[in-house]
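Given chain A, put chains B and C in place with the hints provided.
Chains as they are written, first to last, in the working numbering: chain A, 1 to 275; chain B, 1001 to 1438; chain C, 2001 to 2302.
No wet-lab data here; the hints were simulated from the structure. Every residue gets a Cβ at the ideal spot worked out from N, C-alpha and C, and that includes glycine. Treat the hints with care, since some could be wrong.
Reference listing, derived: stretches of chain A covered by chain C, where coverage requires no fewer than 3 residues with Cβ under 8 Å from a Cβ of chain C [stated by the list, open to error]: (1) 103-113; (2) 143-150; (3) 157-169; (4) 186-197; (5) 251-262.
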Amino acid sequence: MKKQKKISTILIYLVLILVTITMLFPFVWMLSSSLKLDKDIFTFPIQWIPKEPQWDNYKNIWTRIPLAIFIKNTAKITLIVTFLQLLTSSFAAYAFSKLHFKGKDILFMAYIATIAVPWQAYMVPQFIMMRSFGLNNTHLAIILLQAFSAFGVFMMRQFYQGIPDSLIEAARIDGMNDYQIYAKIMLPLSKPGLSTLTIFTFVNTWNDFLGPLLYLTRDNLKTIQIGLRMFITQYSAEYSLIMAASVVVLIPVLVVFLSLQKYFVQGVAATGVKG
Amino acid sequence: MKKFKKSFVLTLFAVVLGIVVLAGCGNSGSSSSSSSESGSSSSGKTKITWALWDIDSSTYYKPLIKAFEKENPNIDVEMLDLGSTDYMTVLGTQLSGGDNNIDVASIKDMPGYASLVSKNQLEPLSKLAKNVDLDSYGGLVYQIKVNKEFYALPFRNDIYVMYYNKDLFDAAGVDYPKNGITWDEYNTLVQEVSKKATKAKGSQVYGGHYHTWRSQVQLYGILNGKNTLVSDDYSFLQPYYETVLAQQKAGYVQDYSALKTSSLSYSAAFYQNNVATMVMGSWFIPTLETAMSSGQSEKFNWGIATMPVPKGVDDGTTAGTITSLAINANSKKKKAAYKFVEFVTGKKGASIIAKTGTMPAIQTTDVIESIASTDGFPSDAASKEALSVKKTYLELPYSKNVAEVDTILNDAHDNIMSGNASIKDELKNASDQVKALK
Amino acid sequence: MEQIQKINKAAKKRKRKENLTAYSFIAPNFLGFAIFTLGPIIFAIILSFYKWDGSNPMEFIGFDNFTRMWGDSRVQAAFINTIVFVIGTVPLTLIFSLFLAVLLNKKIKGRNIFRTVSFFPYVASLVAVAAVWNMIFSPVNGPINEILKTLGMMDPPRWAADKNWAMVTIIFFSVWKQIGYYMVIFLAGLQGISEEMYEASELDGANSWQKFRNVTLPQLRPVTFFVMMMLTINSFKVYDQVYMITQGGPGTSTLVLVYEIYNTAFKNWDLGYSSAISMLLFVLVLLVTVFQFKGEKGFVNE
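Bound conformation, chain A alone (with noise of 0.2 Å):
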């Protein structure tokens, strides 16, 4: 039994060792391409280890482009988007959810329909829309673009789902009313939702393209996802300081993907959530 149990761990950490390699190999690669030069990066084979490491690259995106301004507009879109989102997505869930009312059905599947649409189809209209609310080259437009998807409200949902409705039950024979059963049973108990909801609003703002290319237009309102694009110039493209803007730009997503991982080990003991 013991053996056995030796034998299939060896085997877990191969499996997951050969993960590793699979998923890290880009961001070695990103490595090690920020630190050459252009004309070097795309050679075969791969030099993995630069013979000059162009330090100065690093030095370079900071002038050669605003990142600063850049990394502080995206950051504020970031948050503020991250935490509406959160917030009107878990209030909206737990009706979705918990609660019985008229026109439950329609308003979910108008919900999931959207979802199906793809964003490409109304991107004009919107943006017409936007503009003439005189919101065109402001950050608010695309705060107000992410900050309410139907997506949030399906996820959070889902997860409400898994939670026992006997434990909302009792809580409304003692007395409680739905927004203290939202504030002190929903919520702890939904951690691992919501750690996950943040993750995923974080990266999707943080990476957005498409939305702050064609609302942000003035270059103190730019965000990071252009600022990498304006290196991709249209007669060349400067790979090298893409790779180094690049791993700048993925710390602060890592940061929080590693902080809030403790909410998906923290798992039963914490939550609760037993049978």
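Here is chains B and C on its own, set in the frame of chain A:
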């Protein structure tokens, strides 16, 4: 308990509202200050907005604006960088629905121009520009005419020339390419220099280089002036594809699919010092000069010759792409906007643009002189001579369906070059698709 | 009689109160959603019956946009390619991400590192990873083909450059890029399964596979349903990967519906037609989704 409920909900809403309002104020403040609609500010100045791309890498924007504002102290020009990769998409969106934030717009390509014209978003210029000598643009304006009217004036005309690596030719012991060589002579040259230089250097040298753009092959088909790329019979392109594919198969040039998947830019390819010749636009001149001095490129001597032409085509014929300026039909400051357009596309603008090493649309001997005297330009007389052209053909002429045609041609090029279809079938297929367009 | 009426009234009142409470929960999200998403979408639906270039007046043309689609070879190609992509991507991603989540939910050393690593492809900027991917699968001297050659494969596939392999390349890339994303959803779902259930099943003498079949899978049903649905919808909406790797080529071999929608809208400025193609996609996704919802009902009540 009730109290809790109320206060909780209230706080929640307050937070949401607060954030939305704060975010809104923060932004509308900054945006209204930068895009003041009122046209004239307190000092009586008119501010016009110019939509363009790549402020930082294009050296001529700022000198142009500076010179213009000096001449017209009551007009301010503001630049609006829409980025280069999706420029026409963003410009189209910004102008949609009759918006007037942008007054002057750079026009990057023909499909984009055609769509803006059909959407009535560009101001017709024939009346405003009746004093402009259209012949000074070497016939370019006639190629962008739409039913006798035109909606833009060119300020840049990048012609195609052949860049060559002198060191590789020296190593191979082959004479430098001459101005005015034909397509067949070029084919022989590519093979010869490829074989000899590879042998001499002991490593792979490519005689030529075709970037992944379809124009790299298709342009040769239109230089005789008989065909254009908006056509319902593309069989005239067949010989050029046959030659290029044969070169590729023999390894004289790099493989199309490899170039495409590795996203190798043509400049990076040329910098590697293993490409002997490359036909490319004159926009590459300042880029190459800078790359040589900054160390982005391997060090080698280079020169310029004319673009190879099919047999029977006059010397001094080449292909070109223009960048032009247009006025937003909904602009509230058309007069000031036109003044600016006239300045940039005129002789004064041309000389300012030329000083930065970029080819302006008006190409006089002074202009050529000025480009040839930029730092790092090859010192031989032939290279300078290669810049004087007599006839330029635009890649795509104006046509109503030019955007659709562009897509069809791109597909065909991709299929042929990656070996997924025979040349004959694919060109026939493209012809049929264009025929089917209404 | 009066008693009953009173009870009825009270019930009605309670019902109304419950409705109001529910609406107050939904309102903050719904308002934003209705204005900024639902509204434009409804406009897009209307637009599919019009001819419009975003500037000139709109012109009603009935079903012309839809009949036009029938004979459009590009739309047909895009339709088929999209379905091929969905069929290729969904099962692969589902199986791999679930497998990885189960592995990384075990109490093993360094699992935080492994989790983070698996999430890498998803968080990294697409511009950067697409460039890497293109290099690895380069048909001329990319590492993959070099390895295949040393393994004795004389004529390895030309991947993105071959019209028969381009879609396969994009499917591989998509699976690789999104495994981490769906793995995270599964991981979160796995946290909801109580240790006791596993212990109970262990007492019954279940082995790992039986535990997975009898405890993990049934408990994960709501999450699996969610993943499957999002995955299907997202796969139907594939765009970025295609744009970055093949731009729809070679020829039209990887042209997908959203790519054609974007092209029609922003290159040809044929907004009505572009909306009509979107409606085709929408109906397609809706059919699959309804089918899946039906499946879930059976699934959950089981």
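Results of checking the hints against the structure:
| no. | hint | in the structure |
| --- | --- | --- |
| 1 | 103-113 | holds (count 6) |
| 2 | 143-150 | holds (count 6) |
| 3 | 157-169 | holds (count 4) |
| 4 | 186-197 | holds (count 4) |
| 5 | 251-262 | holds (count 5) |
Violated hints for the displayed structure: none, as all numbered hints are satisfied.
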